[in-house]
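A.B. asks: Below are the chains, spelled out letter by letter.
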Amino acid sequence: MEQNQSPEPVDPLVGLPVRSVGGQWAPPGTFATGRGPRLFSPGGGTRATVVSTISTIVVLAALAAIFLLAPGARAVEHAFFNPTDMWQSFIGNPKQGYYSVGAAIWLNIRMFLAAEVLILAFALLIALIRHSVGPALFPIRILATGYVDFFRGVPLILVIFALGLGVPALSLPVISSQPDVVYGVAALVLSYSAYVSEVYRAGLNSVHQSQVAAARSLGLSQGTALRYVVLPQAVRNIIPPLLNDFISLQKDTALVGTLGVIEANKAADIYSETVFNFSSFTVAAILFLILTIPLARFTDRLIERDRRRRLAGAAR
Amino acid sequence: MRRLLAAAGAVVVLGGAVAACGSSGNGNGGSSPAAAPSCSKSGIQSLLHTKGKLTVATDNPVYPPWFIKNTPSSGKGYESAIAYAIAAKLGFSKSQVVWVHEPFSSSYAPGPKAFDFDINEVSVTAARAKAVTFSNSYYPVQQAIVARKGTPIVTNHSPAQLKTYQYGDQVGTTGLAFITGHIQPSKQPKVFDTLAEASAALEAGRIDALVTDTPTAQYMAAFQLKHPPTVLVAQFPTVGEHYGLVFAKGNQLVTCVNKAIASLKSDGTLAALQNKYLGIFLKFPTIQP
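From first to last, the protein sequence lines are chains B and P.
Mapping to the working numbering: the first sequence position 10 is 10, numbers consecutive.
Mapping to the working numbering: the second sequence position 206 is 1206, numbers consecutive.
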């Protein structure tokens, strides 16, 4: 919000004041967003709203027409959007052979939360190892690099299978007798940590070397400089891509269903194959959207806030 | 002018409504027996997916005793033999039967089908009959338990004891529905995408037992799952379940196929094929769920 202190809004790229077509300054906070017609026609807001409303209606109507007027529209509507089937699959009825999709999504949420915490910690560890410079750490760096290469390259579903079927088959004490969900979450953590560690590493690399030099010259140790100077800046830079990965993680919890665990997607599958109707998948899709959209909007807000901060810096 | 437009609009709406009624009328007419054509080979040509051919679908892979060596076109295995017997009754030679692969989960998707009928051990239920048209029964099914030899369920399977085990099954099967509906175990069953995955879980000891139709269960116990050895524990009494061929909803060909099945039943072919392919699989004690 520093731009408010500046007398005129300044285009960060050109370095000159931004002047709207109508001769008025764009309202603080909205300038140079590239959004909204107000930037160019402060007086034409109403007209712009009308135009955008009409065009939205036309586009939505065209899409609806394609869906409703297609020759097989009735069949598709019955198979995918039948309210009775949607409700039945949402509440479930084990006596009829299917489980509640609505209850099953809770398992996805718990898997996601557990995996997310572990990934944040484990991926940071991997990234710090790969970021380290000490010659004594060379073998660990090689291991960490191999780990990232391997788990980024192997499809997640294969990792889930390998852990979920392979580890119990080893018949080891404790390790081999865990619930399937544990193997599923472990596979998610292994696979996603490889991705997320690279995001962390990009964040660490984005902090200029002079920051470390400055911190060291103040007498901070390598570790303290990392903890108090490098990491805070690195993490702030990578919050949007981190959240992006976590939106993806929320959906990928559905893959744990391949181990026999009844999560939302599996519950929908059971319903579908039991009564020959796909509406249960629509229910699962809606539930996943309800989960992911808030996180997506939150990510957008963080990106926008971060962008404003940087622009404010450039404007000064 | 405006009134004229409104009138024109009303005509369009009315026309749409009439067209809609017309099309739904045709749909209903499709399943009424009065409109059924003659079941001669020439009479059913217009109903076929490909003229002159009988296109039969099944999953891939398929297992004994329903199909042998994953080759539906061999004529060996109960379902393969049934398909060719029906084809013969309808007047098709063996070379006029075309096999296509259709995964179970897409066999009931809306829209045009890539087959005349699907034969894939699909149990007939009222809910499923809303999405597809089923033929009459070509096999009455009973469910049976498969478990590892020497595990508790092999000897302890009173109705109360049955509730205490960890079950697993393939998604969407009537075996799974039997577990949740009739056994009603205290632990949630594990549900796998394929029977092969459920079998792997049984072998690995991740589940105590799985429930599937008796012929499949016996085939698994006798030939498929030997490391460690498994056994068919017992079968459950019939609940009136039977297998039917899957047709696109409203496909009139079902009338002719039902006639063929009825004649296979009355001339003893059905019983003979069951005896030939499923006979050794069917002598097991029956227990209550």
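These aren't lab readings, by the way, just hints derived from the structure by calculation.
The structure displayed is predicted, hence computed values, not measured ones.
C-beta: ideal position from N, C-alpha, C; glycine also.
Misleading hints may appear alongside valid ones.
[What the hints assert, rightly or not] BS3-like, lysine-lysine: derived pairs with alpha carbons at most 25 Å apart:
#1 P:Lys-1076 / P:Lys-1249
#2 P:Lys-1094 / P:Lys-1276
#3 P:Lys-1276 / P:Lys-1041
#4 P:Lys-1041 / P:Lys-1051
#5 P:Lys-1053 / P:Lys-1041
#6 B:Lys-95 / P:Lys-1187
#7 P:Lys-1259 / B:Lys-95
#8 P:Lys-1130 / P:Lys-1276
#9 B:Lys-95 / P:Lys-1041
[As the list claims (entries may be wrong)] One side of the interface only, derived from the structure: several residues of chain P facing chain B at Cβ under 8 Å:
#10 Gly-1091
#11 Gly-1111
#12 Ala-1114
#13 Val-1191
#14 Arg-1206
[To be verified] Negatives, chain P to chain B, calculated, CB over 12 Å:
#15 Tyr-1139
#16 Gln-1170
#17 Thr-1173
#18 Ile-1207
#19 Lys-1259
A.B. asks: Quickly compare the C-alpha distance for Lys-1076 (chain P) and Lys-1249 (chain P) to 25 Å and report which way the hint goes.
C.D. replies: 29 Å, violated
A.B. asks: May I ask you to check that Thr-1173 (chain P) keeps its beta-carbon over 12 Å from the closest beta-carbon of chain B?
C.D. replies: With a cut-off of 12 Å, Thr-1173 (chain P) comes too close to chain B, as the shortest Cβ separation is near 8 Å.
A.B. asks: Have a go at the Val-1191 (chain P) hint: is there a Cβ in chain B nearer than 8 Å to its own Cβ?
C.D. replies: 6 Å, holds
A.B. asks: Holds or violated: is the Cβ of Lys-1259 (chain P) farther than 12 Å from all Cβ atoms of chain B?
C.D. replies: With a cut-off of 12 Å, Lys-1259 (chain P) remains clear of chain B, as the shortest Cβ separation is near 25 Å.
A.B. asks: Is Lys-1130 (chain P) within 25 Å of Lys-1276 (chain P), Cα to Cα?
C.D. replies: Outside the cut-off at roughly 34 Å; violated.
A.B. asks: Is Lys-1094 (chain P) within 25 Å of Lys-1276 (chain P), Cα to Cα?
C.D. replies: 20 Å, holds
A.B. asks: Non-interface claim for Gln-1170 (chain P): all C-beta distances to chain B beyond 12 Å?
C.D. replies: 9 Å, violated
A.B. asks: Would you say Ile-1207 (chain P) is clear of chain B, with no C-beta pair closer than or equal to 12 Å?
C.D. replies: Non-interface label fails for Ile-1207 (chain P): nearest chain B Cβ at 8 Å, not farther than 12 Å.
A.B. asks: Quick check on the hint: Arg-1206 (chain P) CB to chain B CB, less than 8 Å?
C.D. replies: Check passed: Cβ of Arg-1206 (chain P) comes within 6 Å of chain B, closer than 8 Å.
A.B. asks: Would you check the hint for Lys-95 (chain B) and Lys-1041 (chain P), treating anything up to 25 Å between C-alpha atoms as holding?
C.D. replies: 44 Å, violated
A.B. asks: Need the status of pair Lys-1276 (chain P), Lys-1041 (chain P): alpha-carbon distance at most 25 Å?
C.D. replies: 29 Å, violated
A.B. asks: Tell me if Ala-1114 (chain P) is really an interface residue toward chain B, meaning its C-beta lies closer than 8 Å to one of theirs.
C.D. replies: 15 Å, violated
Violated hints for the displayed structure, listed by number in ascending order: 1, 3, 7, 8, 9, 10, 12, 16, 17, 18.
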